[in-house]
Amino acid sequence: MPDIASLEGEPGYDVTWPWTSGEPLAPGLTCVFRVRNEARNLPWVLPPIFSAVQQVLLVDNGSDDGTAEVARRVAEECGAADRLTVLDYPHRVARAGGEHLATPATSVHSLTHFYNWCFSHVRTTYSMKWDGDMVLTPEGAGILRDLSWQLQSTRAIVAMPRHPLTVVDESTGWLDLSLRFLEPWVYPMGPDFTFVKAFDWELREFPPGVERIVLQQGLCVEVKWLDADEYAHWRRDGVDFTNTRLYRKLREFEVDEAIRNGDPESLGGLVKVTAPPGVHIIDHVSRDWLWRQPRPLVQHSLPASLKERVRP
Amino acid sequence: MSLRRVVFVVGSGRSGTSTMAGTLRTLGLHVPQPEVVADATNPKGFGEPRWVVDLHHELLQRSNVQVSDARPRAWLDTGTTSGDHATRERVAAWLEEQLTVADELVIKDPRASWFLGLWRAAADRCDATSSYVTMLRPVTEVVGSKQTYYGQMGAGSDQGAVTRTAAWVNMMLHTERATRGQQRAFVRYGDLLDDWTRPVFALGEAFDLAGVKTAMAVDIAEVHRFIDPSLRRVTMTWDDIGVPTRLRELADETWQALDAIADEDSAKNQEWCDQLRTAYAAQYADAEAFAHSTVVAQRRTAAADARREASGQPARGAADRVPHAVRAMVPPAARQKLRRVLGRERPQGSA
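The listed protein sequences derive, respectively, from chains G and X. Numbering follows my numbering, in which position 168 of the first sequence is assigned residue number 168; successive positions increment by one, without gaps. Numbering follows my numbering, in which position 340 of the second sequence is assigned residue number 652; successive positions increment by one, without gaps.
If you're looking for bench data, these hints aren't it; they were derived computationally from the structure. Treat the hints loosely; a few may be bogus.
What the hints assert, rightly or not - If the Cβ cut is set under 7 Å, some of the chain G residues that face chain X in the computed set are:
hint	residue
1	S153
2	E257
3	R295
Unchecked claim - Listed next, with one range per pair, are the computed distances between beta-carbon atoms:
hint	chain 1	residue 1	chain 2	residue 2	range
4	X	V608	G	D3	48 to 58 Å
5	X	A615	G	S171	23 to 33 Å
6	X	K525	G	R83	30 to 40 Å
7	G	D82	X	E576	16 to 26 Å
8	G	A159	X	A597	22 to 32 Å
9	G	R212	X	D507	44 to 54 Å
This structure is a prediction, so every number in the text was calculated from the model and none was measured. No residue lacks a Cβ here, since even glycine has one placed at the ideal position from N, Cα and C.
Isolated chain G, as found in the complex (with noise of 0.2 Å):
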């Protein structure tokens, strides 16, 4: 009996967790990636990744343009190639927001039930969840290469700040230094740290009183390409912003606009980059450029009006 059927009575994609099956869980962390279309961005992605963590599973949630072919070969050229394990899932999955609260939670289409899928396929004692366009820094990649063995005498959750960058061409980028974009990304395996459903998204649960380590900033971008126009279908579809839950995005959007109307400036908390010639924007900003920077590199945080649950 799998620990959750899928709605659809699919058995390949029912969730059964390894402490279910009798699995044993090695000491160690395990990066999972859920992705769509990352080609471009793997190979600044995955070479940290694999240098800092033991394992990496990658699921493919129907790419077409060769995500898990470029995942492979990067792994390869690291030399990681035996650490990396690429599945499929095949189903299409809910947009965040109002189609993903009409999802059932066990349904293969949910968020809920797609990232329980992919964590079930976990055998370490500890795993991340990671996105496809977030570029650790060499002292990042570090830090959480000691953690994945400093961690293992205890049972603790791991937040890291995040900065977009937003790629306008190969040398020159806006770096978002309004918020710390702070979310708990490494947890313990187990059955108290599965996946439930929130409103917008999935959630993941963890018990009362657990260790929260919250490390600093500078160590992670998350890489946005300002020609990819990544937020055209928000333009088109009038995405409501106004729920606190949604100001994240609410930034990112507005931030793209920004850039996009060439007035940038305007906006607060942006920072122009510029690379040396011959230097991609990306490897100058997280090789280079973020540690040299004063602390605290965000001075802001969220508005006031935002920091507060507003009760009609």
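Starting from the known structure of chain G, arrange chain X on it as the hints suggest.
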């Protein structure tokens, strides 16, 4: 390609780390100045930069970790401290200053293992290649040497030996883990004393150290004078140290695994160390659970002391701990004399 090299000499104290650092210094690597001065516990000098020792002391305090700490979790605490941006800036600035004095540095401090992530990042910022020499010495000799030179600790010698043996296992297995995948070597203290030329020549080749590769006859002769086989003053066996069988077996196997890695730094031997680390963490967790009542009692005592201190009452003196009935049996004249000796005379004329 940068010529800058930083060699970190790590491992448990009393394992020949000073001898290794001193050897590399004699051959031409630079030990950042000033150094900790030699004393009776280490007559040939420690080879430890004062700044590094002070830094580690401060960071250990901030992390609430001891130099010789048996808790597996202590690694997470020092690791978290190591990530601090201001500390990284400070260490990188100091290292940069030292690298302007010489391209090849040797940094040794028994506390260094706790902060290798910090040092690696600082060396990277200075465009220097980090490498690690872990000194290996049988655990009985290390613990015996510590008991001899640092003194007995705890309620009795056996308790000290148990704690030190556990701390040795914790230090060695985690140092192995922390240096894995980096440029590293494991050197047995015995090999260094028997014929230092072989392990040290190998280090020069493996780490590409100009100081070792270009050493002149006069430097080599100097090392021969520096290394004194009689330094290995403490040779002990388990018969001399009272350590429970379970911990003794784990310590013995840790020594065997590291001894194997010194010959062959293979995935198989690293996996062996992984298994031992897991076993040690489990054994430590058992011990912690076993002694939990002691921890609770000490926490209560500390909380009571803190409350008393906050309320302005003096801490209880030795005399106060003697029950009143017993104190009353001391004749008044003797009581007065005792008060005088203790410097707690009552004011004259008081009722």
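Checked hints:
1. S153: Constraint on G:S153 satisfied, holds at 4 Å.
2. E257: 32 Å, violated
3. R295: 5 Å, holds
4. X:V608 with G:D3: 48 to 58 Å: 37 Å, violated
5. X:A615 with G:S171: 23 to 33 Å: Distance hint for X:A615, G:S171 is violated at roughly 59 Å.
6. X:K525 with G:R83: 30 to 40 Å: 35 Å, holds
7. G:D82 with X:E576: 16 to 26 Å: 20 Å, holds
8. G:A159 with X:A597: 22 to 32 Å: Given range 22 to 32 Å: holds, Cβ gap about 25 Å.
9. G:R212 with X:D507: 44 to 54 Å: About 52 Å separates the Cβ atoms of G:R212 and X:D507, which means 44 to 54 Å holds.
Hints 2, 4 and 5 from the list above are not met by this structure, while the remaining hints are.
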